[in-house]
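Using the sequences and the hints given, assemble the complete structure.
Number of protein chains: 2
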Amino acid sequence: MNRLDATALRDIARGSSVLAGGGGGDPFRGTLSAIEMTRQYGPPKVITIGELPDDAIVACPFIIGAPLAFLEKFPFGDELAVAARELERVIGAPIAALLPAEIGGINSTLPLALGARMNIPVIDADTMGRAYPEMDMTLLNVEGIPAAPTVVADEHGNRVVVHATSNVWTETLARTVSVKFGAAAAGIGYSATVARLRHAVIEGSLSNVRAIGRAMREAAGDPERVIASITELTDAVELFRGKIVDLNREIVDGFVRGTVLLDGAGPDAGSRMAIDIQNEYLVARRDGSVVASAPDIVTVMDAASGLPLTTESLRYGYRLVVLGIACNERWRTEAGLAVGGPARLGYDFPYVPLEQHATARARGPIGAWSTA
Amino acid sequence: MNRLDATALRDIARGSSVLAGGGGGDPFRGTLSAIEMTRQYGPPKVITIGELPDDAIVACPFIIGAPLAFLEKFPFGDELAVAARELERVIGAPIAALLPAEIGGINSTLPLALGARMNIPVIDADTMGRAYPEMDMTLLNVEGIPAAPTVVADEHGNRVVVHATSNVWTETLARTVSVKFGAAAAGIGYSATVARLRHAVIEGSLSNVRAIGRAMREAAGDPERVIASITELTDAVELFRGKIVDLNREIVDGFVRGTVLLDGAGPDAGSRMAIDIQNEYLVARRDGSVVASAPDIVTVMDAASGLPLTTESLRYGYRLVVLGIACNERWRTEAGLAVGGPARLGYDFPYVPLEQHATARARGPIGAWSTA
Numbered sequence: 028m029n030r031l032d033a034t035a036l037r038d039i040a041r042g043s044s045v046l047a048g049g050g051g052g053d054p055f056r057g058t059l060s061a062i063e064m065t066r067q068y069g070p071p072k073v074i075t076i077g078e079l080p081d082d083a084i085v086a087c088p089f090i091i092g093a094p095l096a097f098l099e100k101f102p103f104g105d106e107l108a109v110a111a112r113e114l115e116r117v118i119g120a121p122i123a124a125l126l127p128a129e130i131g132g133i134n135s136t137l138p139l140a141l142g143a144r145m146n147i148p149v150i151d152a153d154t155m156g157r158a159y160p161e162m163d164m165t166l167l168n169v170e171g172i173p174a175a176p177t178v179v180a181d182e183h184g185n186r187v188v189v190h191a192t193s194n195v196w197t198e199t200l201a202r203t204v205s206v207k208f209g210a211a212a213a214g215i216g217y218s219a220t221v222a223r224l225r226h227a228v229i230e231g232s233l234s235n236v237r238a239i240g241r242a243m244r245e246a247a248g249d250p251e252r253v254i255a256s257i258t259e260l261t262d263a264v265e266l267f268r269g270k271i272v273d274l275n276r277e278i279v280d281g282f283v284r285g286t287v288l289l290d291g292a293g294p295d296a297g298s299r300m301a302i303d304i305q306n307e308y309l310v311a312r313r314d315g316s317v318v319a320s321a322p323d324i325v326t327v328m329d330a331a332s333g334l335p336l337t338t339e340s341l342r343y344g345y346r347l348v349v350l351g352i353a354c355n356e357r358w359r360t361e362a363g364l365a366v367g368g369p370a371r372l373g374y375d376f377p378y379v380p381l382e383q384h385a386t387a388r389a390r391g392p393i394g395a396w397s398t399a
Numbered sequence: 028m029n030r031l032d033a034t035a036l037r038d039i040a041r042g043s044s045v046l047a048g049g050g051g052g053d054p055f056r057g058t059l060s061a062i063e064m065t066r067q068y069g070p071p072k073v074i075t076i077g078e079l080p081d082d083a084i085v086a087c088p089f090i091i092g093a094p095l096a097f098l099e100k101f102p103f104g105d106e107l108a109v110a111a112r113e114l115e116r117v118i119g120a121p122i123a124a125l126l127p128a129e130i131g132g133i134n135s136t137l138p139l140a141l142g143a144r145m146n147i148p149v150i151d152a153d154t155m156g157r158a159y160p161e162m163d164m165t166l167l168n169v170e171g172i173p174a175a176p177t178v179v180a181d182e183h184g185n186r187v188v189v190h191a192t193s194n195v196w197t198e199t200l201a202r203t204v205s206v207k208f209g210a211a212a213a214g215i216g217y218s219a220t221v222a223r224l225r226h227a228v229i230e231g232s233l234s235n236v237r238a239i240g241r242a243m244r245e246a247a248g249d250p251e252r253v254i255a256s257i258t259e260l261t262d263a264v265e266l267f268r269g270k271i272v273d274l275n276r277e278i279v280d281g282f283v284r285g286t287v288l289l290d291g292a293g294p295d296a297g298s299r300m301a302i303d304i305q306n307e308y309l310v311a312r313r314d315g316s317v318v319a320s321a322p323d324i325v326t327v328m329d330a331a332s333g334l335p336l337t338t339e340s341l342r343y344g345y346r347l348v349v350l351g352i353a354c355n356e357r358w359r360t361e362a363g364l365a366v367g368g369p370a371r372l373g374y375d376f377p378y379v380p381l382e383q384h385a386t387a388r389a390r391g392p393i394g395a396w397s398t399a
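So the protein sequences, as listed, match chains A and B. Just so you know, we're using the numbering used here here: the first sequence kicks off at 28 and counts up by one. Just so you know, we're using the numbering used here here: the second sequence kicks off at 28 and counts up by one.
For the record, the hints were derived by calculation from the structure and aren't laboratory data. Keep in mind the model is a prediction, meaning the values are calculated, not measured. Any given hint might turn out to be false.
Claimed, not checked - Partial pick of chain A residues on the chain B-facing surface, computed with a CB cut under 8 Å:
{"hint": "1", "residue": "V187"}
{"hint": "2", "residue": "V188"}
{"hint": "3", "residue": "T192"}
{"hint": "4", "residue": "V195"}
{"hint": "5", "residue": "H226"}
{"hint": "6", "residue": "H384"}
Here a beta-carbon is modelled for each residue, glycine too, at the ideal position from N, C-alpha and C.
Put into structure tokens, the structure is as follows:
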């Protein structure tokens, strides 16, 4: 992969919507922005981290806030570039390349838009291997790399520079500012040298979601095949099939929080699944028992199309296929779980890897239930 | 006035509590801090703005938040100096002198503490001639001087730099950060050259409150004489005498907000006064009619001691003498009222200067009612 065309950008958006686990906002909006930037500034260039010298400075641009608000505030215009230029002033050095903070939703494709605009490459990697609701929840944080200084900017030219003593403080302060900016804002942080980042990132993330997105495109129109191609490329396990019978979501403190309740169908008839939402799908419970939780990815497909649904696009009555995808192994260490595990998200149950839960099963055909 | 001793610092704190109009927190806490800094670093030096060269950089340090929280977080230690050093980094120049943002409460004496610590002088002036709840409400703002960049810091080393497009935005962002910092934080902003500030400040503020504080000290123990000396030095008018019969106050969005209700006594028997609070006493209504409002100063004396009471020190049953003090003339211009008048504070009544209200009267003796 090198210079990306519009098809590649759309594939990346589509594929990243699988690993987003419902979060990160509508990825197609991020794509529109990337395509527009490509039109204006030329296609974004993607490189491996190995192509950069050790002393090159890399930073992670992002949108922070509640995905519901992304929809209203989109498209993000100058504020990402304003934030990046401010960060360069603060650290006193130019940013040589951008690193996607998460590989899911808008935050996977916005670095490509900003890279095109700033004419700097984007690294084929990310810091989570998924999407997470809070900006301290990265493998960079697991490695002790500070998110600060982090710059948060709005569309009016307001900028806030956060110098915090911990990445949780950076998250808290950037979040409260994003709420004042209208529940969503542009940001950039986690600036570090390539030498510091090399072993902290997950490499190949953009290539990975591009391959997933390509397979989904080729299967488009056939929900069975779309889900099968996702399952194959991600080693997903099927957690549940069912229909939304209850749904509550609200924007609280700069997050979308809520729960979605499914009535089982097909192989899950007679059972219920509840999924907790904090921007992403975080915890899936079948008949009251946890069957998957962060850091593993819980992702939800629309049975009618096979395409992933973000937490804000759920509607009462939708028929869903719920998949679980194993997270990167580094999340399963003690240090990883401290940053991205259930306890960090406010839960008191211990993390059990997805594949050890008895309820995970190989995926069969969706069959007639999905349109019943 | 030049190097200030402990008596001078206490006089300034006492006198500034009159012009604080109930806000700015307990001034004696600020004094303790200033006295402690004097012990450690030598006495603070006070100069006139005329003693500084045109190109000298001046900035306003402050505590932002709800005065109730000042009590819990006091004393402010390193965070003011941390904020000041961060501001110097951001503007790329040393701060030559400090300017009190308000002449009321902690924010009048903290510049003296910080000046002693940083070994730079404090200017005998301020930016309000009173205290105001929000940091855009300064005569500097009336003159178009930006509060940004403003730095807000906490006691843990967290720092946030606000670059905002307006002083109201600076206030909003600094306030929301201060709430996350525990409802109060150290800050510094409004950096500008002496040439820019010279005609925007109110000169002689520290000398003024020092003279008021000295007169109060000399009259101490005799509430009649304390209030008479305040009245004489400030041209105050008496607005009401009465007892607190209702009091509600809460911390909302980083402010103390509420209302205090007085039952009239002595010359005001049979009447009621309600005073609105937003950190400061902002509006006084007698039997439903406004008799004084910001930008004029509403200040409240404890009839038992003659000393001013801050909004957070009020208690049910206290007997009060309510005074009104005319604000600086520049607040009464159209531009001044836009920044500090009733409309800016969310009221829809027009501003009428204190002395044009018929209810203002010369102060007589407190008499027997106060201890009845």
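Looking back at the numbered hints, which does the structure fail to meet, lowest number first? Of the numbered hints given earlier, those the structure breaks are 4, 5, 6, listed in rising order.
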